[in-house]
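On the provided structure of chain A, position chain B as indicated by the hints.
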Amino acid sequence: MTAPLLDLDALGIDLDDRSLVEAVTVSIAPGERLGIIGESGSGKSLTALAALGLLAHPLRARGSARISTGEGTVDAVTAPQRRLDRVRGAVLGAVFQEPLASLDPLMRVGKQLSWPLARHRGLRGDALRRAVLDALADVQLPEPERIARSYIHEISGGQRQRVAIALALAGSPRLLIADEPTTALDVTVQAGVLDLLQREVSERGMALLFISHDLPVVTRMTDRVLVMKDGRQVEVADTATLVSAPVDPYTQQLVAASRALDDLLPEGPR
Amino acid sequence: MTGTAAPAPILSLENIAFAYRSGRPVLHDVSLALAPGESVGLVGESGAGKTSLLRVALRLQAPTSGTVRFDGTPLPPGRRASLRDYRRAVQPVYQDPFSSLDPRMTVGDSIAEPLRSLGIPGGRRARVAALLADVGLPADAAGRYPEAFSGGQRQRIAIARALAPGPRLLLADEPVSALDTSVRLQVIELFQRLAAERGIGMLLVSHDLTVVAALCARVAVLEGGRLVEEGPTADVLSRPAHPYTARLLASVPRLPR
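Quick mapping for you: the protein sequence lines, in order, are chains A and B.
Numbering follows my numbering, in which position 106 of the first sequence is assigned residue number 106; successive positions increment by one, without gaps.
Numbering follows my numbering, in which position 136 of the second sequence is assigned residue number 136; successive positions increment by one, without gaps.
Just so you know, these hints were derived from the structure itself, not from any lab.
Note that CB positions come from ideal geometry on N, CA and C, so glycine has one too.
Hints may be right or wrong, so weigh each one.
Said to hold, decoys possible - To give an idea of the chain B side of the interface with chain A (calculated C-beta under 7 Å), a few residues:
#	residue
1	Glu-45
2	Thr-67
3	Arg-69
4	Ser-177
5	Asp-180
6	Thr-181
7	Ala-213
8	Ser-238
9	His-242
10	Arg-247
11	Leu-255
Claimed, not checked - Listed next, the in silico DMTMM-like pairs over lysine to aspartate or glutamate satisfying Cα-Cα at most 25 Å (straight line):
#	chain 1	residue 1	chain 2	residue 2
12	A	Lys-229	B	Asp-96
13	A	Lys-111	A	Asp-126
14	A	Lys-229	B	Glu-189
15	A	Lys-229	A	Glu-22
16	A	Lys-229	A	Asp-104
17	A	Lys-229	B	Glu-147
18	A	Lys-111	A	Glu-143
19	A	Lys-111	A	Asp-85
20	A	Lys-229	A	Asp-85
Claimed, not checked - Going by beta-carbon spacing under 10 Å, a handful of chain A positions derived as facing chain B:
#	residue
21	Val-91
22	His-120
23	Gly-122
24	Gly-125
25	Glu-267
Bound-form chain A, shown alone (with noise of 0.2 Å):
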């Protein structure tokens, strides 16, 4: 059994003396794709947050969240900024839901681009040009030369999106986290962004943390699902077993609102 590449162990997260996330124990395996499901406010995007060490003060995280370096474990919770520096972009990426979250609206893509693959990859000159515009061009974005001469504001929100997918790429994650990767697009560009994000997992051989509120957009995208409601995590299973025979109540209900919803349309390719 190979060591986990996240292993979260009784996480919590506090806003002062409120507890907002409770007891968040799974862990991820090389090359797994978890989903956590849940509603808004239900304490999903503050789990990532807690994994990736970036919750903001005043909010504080307790229990733990290992991260597999290949050299040992850091974590999240303990560690210092500067450890979790070297981790982040290098074992973990990310993709949040708003694309300039990640995209600084000053610079040129390829310029944004090229800091981390400098960085990680220690590339310079052309060779560091080439590698941009292989990123671009790897993240299916048309005519990679202009992209990277655009501001961001040029490009439309799928495109964007794309952008920061590439830049969470940039470092070889051995783990992408995204949160709600989709969510601000059209069902037609989501539908592309998704496809990329498999294509890149399973290509990559990397794992997946996946976070959204639709069901059906996790079961598209993972192996096992994680629920949480008010904070806390109510269930775990693998996908398929958690839309065929889901067990806590709250769980129950979440799919069969779903499949109200996916009902109401003509059977069609799954």
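Just chain B now, kept in the frame of chain A:
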């Protein structure tokens, strides 16, 4: 519709073109009519012109060319008194219940607001209590502020306000998109009940085909400011004629069996 002659439309949009000032046109020759009690879905992606068409229908924007008719009569160009009948009969519902309710007004005052602004006489307190009951909220909600309610409850409050003047048609812009799955289903059921019990029609703008399938017998597909397909929802969803409609349908994430 079956073989009987169609009733006169309550709302008809005829050859509507629209461009924002100094911008390129966002709607091209769009025609769409709603019979009394009919619900029509208007689907398309961001930038397709859905919201612009709704704004034209709400008379928040005048079309660059074309006519909006209410009960067969073209809407007058003015904004105020001459539109009062239209404002009573046709009410908007918006996507975001957090921004569509004034946080400083009690729920009761918010719901009664259209009664006041449209000069509708009668006891407001009893009317508000009845409207709250219509949308499944307790009468004591009237004295509280929007912050005390969840997203789904706030959308019910916004619907109660839209129902206050006794409209025959709701113009709804993504009314359930911001809601979580189970709450979305409950609000859909509320709209279904309003349609079935009171014959309130709806022009529903959404990018979500599921919601349209739940609420609308007919669907119109907008792409790049043009209507590219229109027909009974069941037909369009099972046999989309336009490639864009087919792509839209194929993109919807489905739940495994």
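Okay, the hints, checked on the actual structure:
With its C-beta approaching chain A no nearer than about 4 Å, B:Glu-45 sits inside the 7 Å limit, and its interface hint holds. At its closest, the beta carbon of B:Thr-67 sits 30 Å from a beta carbon of chain A; the interface hint therefore is violated under the 7 Å criterion. For B:Arg-69, the interface hint is violated, the least distance from its beta-carbon to any beta-carbon of chain A being 31 Å, above 7 Å. For B:Ser-177, the interface hint is violated, the least distance from its beta-carbon to any beta-carbon of chain A being 10 Å, above 7 Å.
Interface restraint check for B:Asp-180: the shortest CB-CB distance to chain A comes to about 4 Å, inside 7 Å, so the restraint holds. Taken as an interface hint, B:Thr-181 checks out: its beta carbon lies about 5 Å from the nearest beta carbon of chain A, inside 7 Å. Because the smallest distance between the Cβ of B:Ala-213 and any Cβ of chain A comes to about 4 Å, under 7 Å, the interface hint for this residue holds. The beta carbon of B:Ser-238 is positioned within 7 Å of a beta carbon in chain A (closest approach about 5 Å), and the interface hint is therefore held.
Taking 7 Å as the C-beta cut-off, the interface hint given for B:His-242 is violated, the closest approach to chain A being about 13 Å. Among the interface hints, the one on B:Arg-247 holds; its C-beta lies about 6 Å from the nearest C-beta in chain A, closer than the 7 Å criterion. Checking B:Leu-255 against chain A: minimum C-beta separation of about 4 Å stays under 7 Å; hint holds. Taking the CA atoms of A:Lys-229 and B:Asp-96, the gap is about 23 Å. The hint holds against a cut of 25 Å.
Between A:Lys-111 and A:Asp-126, the direct Cα distance comes to roughly 13 Å. Compliance with the 25 Å bound is thereby established for this hinted pair. At most 25 Å may separate the alpha-carbon atoms for a hinted pair to count; A:Lys-229 and B:Glu-189 meet this at roughly 23 Å. Of the supplied pair hints, the one linking A:Lys-229 and A:Glu-22 holds, its CA atoms being roughly 10 Å apart against a limit of 25 Å. About 34 Å separates the Cα atoms of A:Lys-229 and A:Asp-104, which puts this hinted pair outside 25 Å; it is violated.
Restraint check for A:Lys-229 and B:Glu-147: the C-alpha separation of about 21 Å stays at or below 25 Å, so the hint holds. Between the alpha carbons of A:Lys-111 and A:Glu-143 the distance comes to roughly 16 Å, so the proposed pair stays at or under 25 Å and holds. For the proposed pair A:Lys-111 and A:Asp-85, the alpha carbon gap of about 20 Å is at most 25 Å, so the pair holds. Between A:Lys-229 and A:Asp-85 the alpha-carbon distance is near 31 Å, which puts this suggested pair outside the 25 Å criterion.
Hint status for A:Val-91: violated, given a least beta-carbon distance of 29 Å to chain B, over 10 Å. Restraint check, A:His-120 versus chain B: the minimum CB separation of about 32 Å is more than 10 Å; hint violated. Contact between A:Gly-122 and chain B, as hinted, is not supported at the beta carbon level, the nearest pair being about 39 Å apart and thus beyond 10 Å. At its closest, the beta carbon of A:Gly-125 sits 40 Å from a beta carbon of chain B; the interface hint therefore is violated under the 10 Å criterion.
At a threshold of 10 Å, the smallest CB-CB gap from A:Glu-267 to chain B is about 9 Å, leaving the interface hint in force.
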